[in-house]
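Chemist: Taken in order, these protein sequences are the chains called A and B.
Its first residue numbered 1, the first sequence is counted upward by one per residue in my numbering.
Its first residue numbered 1, the second sequence is counted upward by one per residue in my numbering.
Hints are not guaranteed to be accurate.
[Claimed, not checked] With the C-beta cut set under 8 Å, the calculated list includes, among others, these residues of chain B facing chain A: (1) Lys42; (2) Lys57; (3) Val77.
[To be verified] When the alpha-carbon atoms are kept at most 25 Å apart in a straight line, the in silico PhoX-like pairs for lysine-lysine are as follows: (4) A:Lys258 x B:Lys57; (5) A:Lys253 x B:Lys57; (6) A:Lys227 x B:Lys42; (7) B:Lys57 x A:Lys239; (8) A:Lys472 x B:Lys42; (9) A:Lys488 x A:Lys472; (10) B:Lys2 x A:Lys472; (11) A:Lys276 x B:Lys42; (12) B:Lys2 x A:Lys231.
[Unchecked claim] Here are the in silico distance ranges between beta carbons for each label pair: (13) B:Arg116 x A:Lys292: 56 to 66 Å; (14) A:Ala181 x B:Thr11: 50 to 60 Å; (15) B:Thr11 x A:Ile461: 34 to 44 Å; (16) A:Phe653 x B:Ser106: 30 to 40 Å.
In case anyone wonders, no lab produced these hints; they're calculated from the structure.
No residue lacks a Cβ here, since even glycine has one placed at the ideal position from N, Cα and C.
Here are the chains, one letter per residue:
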Amino acid sequence: MMIRVALAGNPNVGKTSLFNALTGARQYVANWPGVTVEKKEGIAKYDGEKIRIVDLPGVYSLSASSIDEKIARDFILKEAPDVVIVVTDSMSLEQGLYLLLEILEMEENVILVVNAIDEARKNGLKIDRYELSKHFGVPVVLTSAINGEGVEDLLKSIVGMARKLEKSNKVMLNYGKDIEAKIREVEKSLKEAKILGNYDSRWLALKYLEGDKEILELLERIAGIKKLSEKEITENKVKIAKARYDYINSVMKEAISKIKAKMTLSEAIDHVLTHKFLGIPIFFSFMYLAFKLTFDVAQVFSDMLDAAFSKMANLVVQSLGENWLSSLISDGIIGGVGGVLVFVPNIFMMFLALGFMEESGYLPRAAFVMDRLMVRFKLSGRSFMSLLLGFGCNVPAVMSTRNIENSQERLATILIAPFITCSARLPVYILLASIFFPKNTALVIFSLYILSILLTIGSAIVVNRLFFKGRKFPLIMELPRYRMPSLKNLAIYVWNRGKHFLQKAGGIILVASILIWFLGYFPAGGDVEKSYAATIGKALEPIMRPLNFSWRATTALLFGVAAKEVVVSTFSMLYGFGEEDLESARLALSQEMDPAVAFAFMVFVMAYIPCLATVAAAKMETGSWKWPIFIVIYSSLVAYLISFIAYNVGRLFL
Amino acid sequence: MKLSEAPIGTTVEVVRLNLPPSVESKILSLGFVPGTRVEIVKEAPLGDPRVYRVMGKMVTLRREEAEGIEVIPIESVIPLSLAQPGERYEVVRFLGGGMFLMRMRSFGINIGTEVRVLSNFRGVSLEVNGRIARLGHGMAGKVLVRRIG
Numbered sequence: 001m002m003i004r005v006a007l008a009g010n011p012n013v014g015k016t017s018l019f020n021a022l023t024g025a026r027q028y029v030a031n032w033p034g035v036t037v038e039k040k041e042g043i044a045k046y047d048g049e050k051i052r053i054v055d056l057p058g059v060y061s062l063s064a065s066s067i068d069e070k071i072a073r074d075f076i077l078k079e080a081p082d083v084v085i086v087v088t089d090s091m092s093l094e095q096g097l098y099l100l101l102e103i104l105e106m107e108e109n110v111i112l113v114v115n116a117i118d119e120a121r122k123n124g125l126k127i128d129r130y131e132l133s134k135h136f137g138v139p140v141v142l143t144s145a146i147n148g149e150g151v152e153d154l155l156k157s158i159v160g161m162a163r164k165l166e167k168s169n170k171v172m173l174n175y176g177k178d179i180e181a182k183i184r185e186v187e188k189s190l191k192e193a194k195i196l197g198n199y200d201s202r203w204l205a206l207k208y209l210e211g212d213k214e215i216l217e218l219l220e221r222i223a224g225i226k227k228l229s230e231k232e233i234t235e236n237k238v239k240i241a242k243a244r245y246d247y248i249n250s251v252m253k254e255a256i257s258k259i260k261a262k263m264t265l266s267e268a269i270d271h272v273l274t275h276k277f278l279g280i281p282i283f284f285s286f287m288y289l290a291f292k293l294t295f296d297v298a299q300v301f302s303d304m305l306d307a308a309f310s311k312m313a314n315l316v317v318q319s320l321g322e323n324w325l326s327s328l329i330s331d332g333i334i335g336g337v338g339g340v341l342v343f344v345p346n347i348f349m350m351f352l353a354l355g356f357m358e359e360s361g362y363l364p365r366a367a368f369v370m371d372r373l374m375v376r377f378k379l380s381g382r383s384f385m386s387l388l389l390g391f392g393c394n395v396p397a398v399m400s401t402r403n404i405e406n407s408q409e410r411l412a413t414i415l416i417a418p419f420i421t422c423s424a425r426l427p428v429y430i431l432l433a434s435i436f437f438p439k440n441t442a443l444v445i446f447s448l449y450i451l452s453i454l455l456t457i458g459s460a461i462v463v464n465r466l467f468f469k470g471r472k473f474p475l476i477m478e479l480p481r482y483r484m485p486s487l488k489n490l491a492i493y494v495w496n497r498g499k500h501f502l503q504k505a506g507g508i509i510l511v512a513s514i515l516i517w518f519l520g521y522f523p524a525g526g527d528v529e530k531s532y533a534a535t536i537g538k539a540l541e542p543i544m545r546p547l548n549f550s551w552r553a554t555t556a557l558l559f560g561v562a563a564k565e566v567v568v569s570t571f572s573m574l575y576g577f578g579e580e581d582l583e584s585a586r587l588a589l590s591q592e593m594d595p596a597v598a599f600a601f602m603v604f605v606m607a608y609i610p611c612l613a614t615v616a617a618a619k620m621e622t623g624s625w626k627w628p629i630f631i632v633i634y635s636s637l638v639a640y641l642i643s644f645i646a647y648n649v650g651r652l653f654l
Numbered sequence: 001m002k003l004s005e006a007p008i009g010t011t012v013e014v015v016r017l018n019l020p021p022s023v024e025s026k027i028l029s030l031g032f033v034p035g036t037r038v039e040i041v042k043e044a045p046l047g048d049p050r051v052y053r054v055m056g057k058m059v060t061l062r063r064e065e066a067e068g069i070e071v072i073p074i075e076s077v078i079p080l081s082l083a084q085p086g087e088r089y090e091v092v093r094f095l096g097g098g099m100f101l102m103r104m105r106s107f108g109i110n111i112g113t114e115v116r117v118l119s120n121f122r123g124v125s126l127e128v129n130g131r132i133a134r135l136g137h138g139m140a141g142k143v144l145v146r147r148i149g
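All chains should be built: construct the whole structure from the sequences, respecting the hints.
Modeler: Structure follows, in structure tokens:
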């Protein structure tokens, strides 16, 4: 029989490290049904038993006020795991014990893990696990996930509890006269209504008094118990929380002895990294390094992959001759697979940089340092980092939102990130700006970057109005201690997320690439001018007429959906000039475009439908087609509008 | 006073929360429970948010949230900006850098100096060794004092 275990705990207590230590590489990552919160599951084996471990989202309490809390609570209530492990951090034990008390109210088989015990020892903290065990009525295991200490004890304890050798005693915390009287009253009406089912009446009563929305509604609907007033709820909540902390503090006095207190290394590092003057320059230097790694270092591998795929495509054409099959294989399939794989080095490197920042504890500091800038746009400092990555490529930008804690903020960031002008749009700018604005090339390109930033900011406000009713996302977060990320944890972090991209986004990109190949190849056997794509381009031309885009320009935009740099190669095919030959490009393009049109076109390229890979990443990260479709429609409309304005303003001056 | 007004470097005790329900739950679960001590650790380079130490860990809050947390100072040490007119105080600590210390010295204000607060409205007027000095609200917030008698 499989032992089912849930791993609960506060954020930043080393829960994921412990999960890695327990399961090793036998784990897989998915999303919780219906939401975008990551779900990790893994298998451990001990003493002939198979143990399936689910890593619950890190939470501070189980009030169900956030998605994370709701997931954790529902899992414990509804899935009824055999054992719930509550992981706490030895250096801030109070917080974790609070969660333990909450979980003990709804679940009997609980093991308390006090993690990072090595750090506690280093800081002169002595933790008496027998005292903890006595007062909370649960087995206590001291671990250090980083060096593996105590992991075997924990496995032993899990198996022991599942075999009913060990068990926890139900703790009844006394919440004081006032609250206890209220609890009894609610329990009485619950018993009269006979609706308890599997729920514990005391737990239900407590949740009711704390103003838990779900429970309030449930009790009102089924048992006809009236809702409480806001004021009463606040009073109860504070009293209940205070009773819990008072109990915890009394236990802590017995169980923990502190030998010395001095400025820890973590505080010293923190002093520098979030320094009043140095904080921001340091943030940008780290971002620069992350950029270097994600784009420059990865580029070497991307280029190698790119070259290998072109070689392979050539080989296919040589051996099969020029026909539709060889074109399907070389341009459609190999091109499509290549189109997915060239992103892989960038994405792995991005997650390596992000993983290092997250595991080391710098990430929340970066959000702290940059927060003020983003508040005005209803975002927090955390989204700043994702948006910045977008200047390299929107795909890693969208994927890096994965660890933005607030799911609404995360969605908002995904929706606006595509407006950040990525490096793939640069070849288009360079081509057109150097042809039509030979004297002001840099200025024109710079203006596109500024426009892109303004558009992103504007969209942040629009998106917030549309979907989040002008709500701000509060930045209430813990700054964890700094620690050196372990190689194993980093490797698992990068691999899980990179694999996810290949599985989820890869398929979409591949199918779409083949579709675009089809539109470009048929029915004329590779002659782009007579292809379906060109026909669509011609059909769309009337719509684009207010912008003065020709059918060729429109067709190029169509191909640009695959990847924006493809606009350049489509131009070269449709206008018949070599990609490196600027002079003939100038002659060909200036027949159909003037500077105003060219500028409007660049604006359009900057803003319209992000490339397929970004759309696929948005689908993967939001878990539904609704949001990528919104991105496509919204960005197309915006592109059309500002491009129209740019054209008409440009006509006056250029 | 509000937690957002408590000066950096001081410790306060939470009295009452006055926040929207969803934020309140989160704040409570992080340990900002009435009766808990909170140390104001530092502010971000751009002035907001700030870092608070509560229950042995660091937590960031924006001004908006910190305004909803009612606190009382538990030390007798307060920033000069909160001092009462007519009372006498002793300077115990400065929170500013080198330039700030030089300014203070030019006013004759050092650690251990006795001052009498004359008024506290949009800045603090004080009597220092028989001379009158006037500090802006921001500056006064960086001078920690203890009431005498």
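Chemist: Confirm or reject each hint.
Modeler: Checked hints:
At a threshold of 8 Å, the smallest CB-CB gap from Lys42 of chain B to chain A is about 7 Å, leaving the interface hint in force. Interface hint status for Lys57 of chain B: upheld, as the beta-carbon distance to the closest one in chain A is roughly 4 Å, under 8 Å. With a cut of 8 Å, the hint placing Val77 of chain B at the interface with chain A is violated, because the nearest CB-to-CB distance is about 19 Å. Between the alpha carbons of Lys258 of chain A and Lys57 of chain B the distance comes to roughly 16 Å, so the proposed pair stays at or under 25 Å and holds.
A hinted pair counts as satisfied when its Cα atoms are at most 25 Å apart, and Lys253 of chain A with Lys57 of chain B qualifies at roughly 18 Å. For a cut-off of 25 Å, the pair hint linking Lys227 of chain A to Lys42 of chain B is broken: about 41 Å separates their Cα positions. The hinted pair formed by Lys57 of chain B and Lys239 of chain A meets the criterion: a straight-line CA distance of about 22 Å does not exceed 25 Å. For the suggested pair Lys472 of chain A and Lys42 of chain B, the alpha carbons sit about 23 Å apart, so the restraint of at most 25 Å is met.
For a cut-off of 25 Å, the pair hint linking Lys488 of chain A to Lys472 of chain A is broken: about 37 Å separates their Cα positions. At roughly 21 Å between alpha-carbon atoms, Lys2 of chain B and Lys472 of chain A fall within 25 Å of each other, so this suggested pair holds. A distance of roughly 9 Å separates the Cα atoms of Lys276 of chain A and Lys42 of chain B; the hinted pair therefore holds under the 25 Å criterion. With a C-alpha separation of about 20 Å, the suggested pair Lys2 of chain B and Lys231 of chain A falls inside the 25 Å cut-off, and the hint holds.
Distance hint for Arg116 of chain B and Lys292 of chain A: a CB-CB separation of about 58 Å, consistent with the stated range 56 to 66 Å. Separation of Ala181 of chain A from Thr11 of chain B is about 35 Å and departs from the stated range, judged on CB atoms against 50 to 60 Å. Distance hint check: the CB atoms of Thr11 of chain B and Ile461 of chain A are about 39 Å apart, consistent with the given range 34 to 44 Å. Distance hint check for Phe653 of chain A and Ser106 of chain B: the Cβ-Cβ separation is about 55 Å, which falls outside the suggested range of 30 to 40 Å.
Hint compliance for this structure: hints 3, 6, 9, 14, 16 are not met, and every other hint is.
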